[in-house]
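*Asks:* Since the structure of chain A is already known, use the hints to place chain B on it.
Chains as they are written, first to last, in the working numbering: chain A, 2 to 209; chain B, 2 to 209.
Hints were generated in silico from the structure; no laboratory data involved.
Keep in mind that this is a model prediction, so the values were computed, not measured.
Among the clues, some could well be false.
[As the list claims (entries may be wrong)] Across the chosen pairs, the derived CB separations fall in these ranges:
no. : chain 1 : residue 1 : chain 2 : residue 2 : range
1   : B       : ARG147    : A       : ASP180    : 41 to 47 Å
2   : A       : ALA206    : B       : ALA195    : 32 to 38 Å
3   : B       : GLY178    : A       : PRO135    : 29 to 35 Å
4   : A       : ARG183    : B       : ARG81     : 33 to 39 Å
[What the hints assert, rightly or not] Below, in silico cross-link-like pairs of lysine-lysine (BS3-like), each with a Cα-Cα straight-line distance of 25 Å or less:
no. : chain 1 : residue 1 : chain 2 : residue 2
5   : A       : LYS50     : A       : LYS4
6   : A       : LYS132    : B       : LYS4
7   : B       : LYS50     : A       : LYS132
8   : B       : LYS132    : A       : LYS50
9   : A       : LYS186    : A       : LYS133
10  : B       : LYS186    : A       : LYS50
11  : A       : LYS50     : B       : LYS133
12  : A       : LYS133    : B       : LYS133
13  : B       : LYS50     : A       : LYS133
14  : B       : LYS133    : B       : LYS79
15  : B       : LYS133    : A       : LYS186
16  : A       : LYS41     : A       : LYS4
17  : B       : LYS79     : B       : LYS50
18  : A       : LYS132    : B       : LYS133
19  : B       : LYS133    : B       : LYS186
20  : B       : LYS132    : A       : LYS133
21  : B       : LYS4      : B       : LYS79
Think of the CB as a built atom: it goes at the ideal place given N, C-alpha and C, for glycine as much as any other residue.
There are 2 protein chains.
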Amino acid sequence: MLKLFYSPNSCALASHIALQEAGADYETVRLDFRANEQRKPEYLAINPKGRVPALATDRGILTETPAILAYIAQSFPKARLAPLDDAFAFARLQAFNSYLCSTVHVAHAHRLRGYRWVDADDAAAIAAMQKKVPQSVGECFDLIEREMLAGPWVMGSAYAICDPYLFTLAQWLDGDGVDIARFPKVADHRQRMAERPAVRAAIAAELG
Amino acid sequence: MLKLFYSPNSCALASHIALQEAGADYETVRLDFRANEQRKPEYLAINPKGRVPALATDRGILTETPAILAYIAQSFPKARLAPLDDAFAFARLQAFNSYLCSTVHVAHAHRLRGYRWVDADDAAAIAAMQKKVPQSVGECFDLIEREMLAGPWVMGSAYAICDPYLFTLAQWLDGDGVDIARFPKVADHRQRMAERPAVRAAIAAELG
Numbered sequence: 002m003l004k005l006f007y008s009p010n011s012c013a014l015a016s017h018i019a020l021q022e023a024g025a026d027y028e029t030v031r032l033d034f035r036a037n038e039q040r041k042p043e044y045l046a047i048n049p050k051g052r053v054p055a056l057a058t059d060r061g062i063l064t065e066t067p068a069i070l071a072y073i074a075q076s077f078p079k080a081r082l083a084p085l086d087d088a089f090a091f092a093r094l095q096a097f098n099s100y101l102c103s104t105v106h107v108a109h110a111h112r113l114r115g116y117r118w119v120d121a122d123d124a125a126a127i128a129a130m131q132k133k134v135p136q137s138v139g140e141c142f143d144l145i146e147r148e149m150l151a152g153p154w155v156m157g158s159a160y161a162i163c164d165p166y167l168f169t170l171a172q173w174l175d176g177d178g179v180d181i182a183r184f185p186k187v188a189d190h191r192q193r194m195a196e197r198p199a200v201r202a203a204i205a206a207e208l209g
Numbered sequence: 002m003l004k005l006f007y008s009p010n011s012c013a014l015a016s017h018i019a020l021q022e023a024g025a026d027y028e029t030v031r032l033d034f035r036a037n038e039q040r041k042p043e044y045l046a047i048n049p050k051g052r053v054p055a056l057a058t059d060r061g062i063l064t065e066t067p068a069i070l071a072y073i074a075q076s077f078p079k080a081r082l083a084p085l086d087d088a089f090a091f092a093r094l095q096a097f098n099s100y101l102c103s104t105v106h107v108a109h110a111h112r113l114r115g116y117r118w119v120d121a122d123d124a125a126a127i128a129a130m131q132k133k134v135p136q137s138v139g140e141c142f143d144l145i146e147r148e149m150l151a152g153p154w155v156m157g158s159a160y161a162i163c164d165p166y167l168f169t170l171a172q173w174l175d176g177d178g179v180d181i182a183r184f185p186k187v188a189d190h191r192q193r194m195a196e197r198p199a200v201r202a203a204i205a206a207e208l209g
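Extracted from the complex, chain A is given alone in its bound form (with noise of 0.2 Å):
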């Protein structure tokens, strides 16, 4: 049976509603990021990253939500969760997930996880990049509505594994000081995901 790792509020979320979405069999095991537990040798075995999330297979670990995401909708194809056979189609809600991965949760990070990129006491360093983090997170979700949500979904009429992914980083605009509101499309989006059941049934899992 799959088995996703993941902690509360992180983008783990994505691949957890996505496994809803698919109506695959699978478990959970969840991570107190306060007790560093993505930091344990028993977790490190599982990822050596120490991050979430971590999907296990039969076959081994998979990582990286963009991958997670992409097997998912390979594994379950009667969910329609991504073109399959199109490779152009395929592309484009990849190129989706890779900008969300490595553009709009990086400048996210910059607000909790500054660490990662200058030393750990250099707090006017560590401020200087929070300050910055409504001004970068805000561009990112400015060109989301611009240019790449296409409406009512991502990739236009058909919900995909982007959908879910999106709304997960949606969720931490508030945190990070951007206001929604400026965003009609990606605000709808966030509110029509928060009906869907299989965003009901995970989130509710993940706060119980």
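*Replies:* Relative to the frame of chain A, chain B by itself:
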């Protein structure tokens, strides 16, 4: 015909090499970053992100290295650049490429693109980021060396689209102040990559 927009010494080299390996019919368009050509309206109409690579196809534009690499592998299956019929193996490959784009490239970018995450005129914060790059990039390649590079190619015996991507980022180690000799498998990989006709052709074209 496919058209790759690139700038020399950028991550676009990975896609350039993959097009060569695939035997694709393509042309290239060079952008001069010193002249800020990636920010000019003509290019922003192609890629609103103002970044490279971008791949123009007869169906539209693709961006983001992991997405372009998977598109090339799927569009030229005879070149066998990815395990297209094995969702788990494909996901392992994609996880590697996702780590390169979201963690390795990002760590590197803090040396010359720190203004993305702090105010451009905050010289102390910019310098604090640059100071950490040898450590953060070094830790990434330490993980690649220990856990991810199966050898002789990234995924093992089969050359794949993650090999040109790793090669491209390993080209930056010297500039990032990281001695590649710390990573014997990465160093061996870089040397064998540099001898491949497709790699030599792509580099010669970019320097020409």
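*Asks:* Indicate, hint by hint, whether the structure satisfies it.
*Replies:* Going through the hints against the structure:
1. ARG147(B) to ASP180(A): 41 to 47 Å: Once the Cβ atoms are compared, 43 Å apart, the range 41 to 47 Å for ASP180(A) and ARG147(B) holds.
2. ALA206(A) to ALA195(B): 32 to 38 Å: violated (49 Å)
3. GLY178(B) to PRO135(A): 29 to 35 Å: At roughly 32 Å between Cβ atoms, PRO135(A) and GLY178(B) fall inside 29 to 35 Å, so the hint holds.
4. ARG183(A) to ARG81(B): 33 to 39 Å: violated (46 Å)
5. LYS50(A) to LYS4(A): holds (17 Å)
6. LYS132(A) to LYS4(B): Answer violated: LYS132(A) to LYS4(B) is near 39 Å, above 25 Å.
7. LYS50(B) to LYS132(A): holds (22 Å)
8. LYS132(B) to LYS50(A): holds (22 Å)
9. LYS186(A) to LYS133(A): Cα-Cα ~24 Å, so holds.
10. LYS186(B) to LYS50(A): Holds, because 19 Å separates the two Cα atoms, which is no more than 25 Å.
11. LYS50(A) to LYS133(B): holds (18 Å)
12. LYS133(A) to LYS133(B): It holds: about 19 Å lies between the C-alpha atoms, which stays within 25 Å.
13. LYS50(B) to LYS133(A): holds (18 Å)
14. LYS133(B) to LYS79(B): violated (43 Å)
15. LYS133(B) to LYS186(A): Given that 25 Å is the threshold and the Cα spacing comes to 38 Å, the pair is violated.
16. LYS41(A) to LYS4(A): holds (18 Å)
17. LYS79(B) to LYS50(B): Distance of about 32 Å is beyond 25 Å: violated.
18. LYS132(A) to LYS133(B): Distance of about 19 Å is within 25 Å: holds.
19. LYS133(B) to LYS186(B): The given pair, whose Cα atoms are some 24 Å apart, holds under the 25 Å limit.
20. LYS132(B) to LYS133(A): holds (19 Å)
21. LYS4(B) to LYS79(B): holds (20 Å)
The earlier numbered hints that this structure contradicts are 2, 4, 6, 14, 15, 17.
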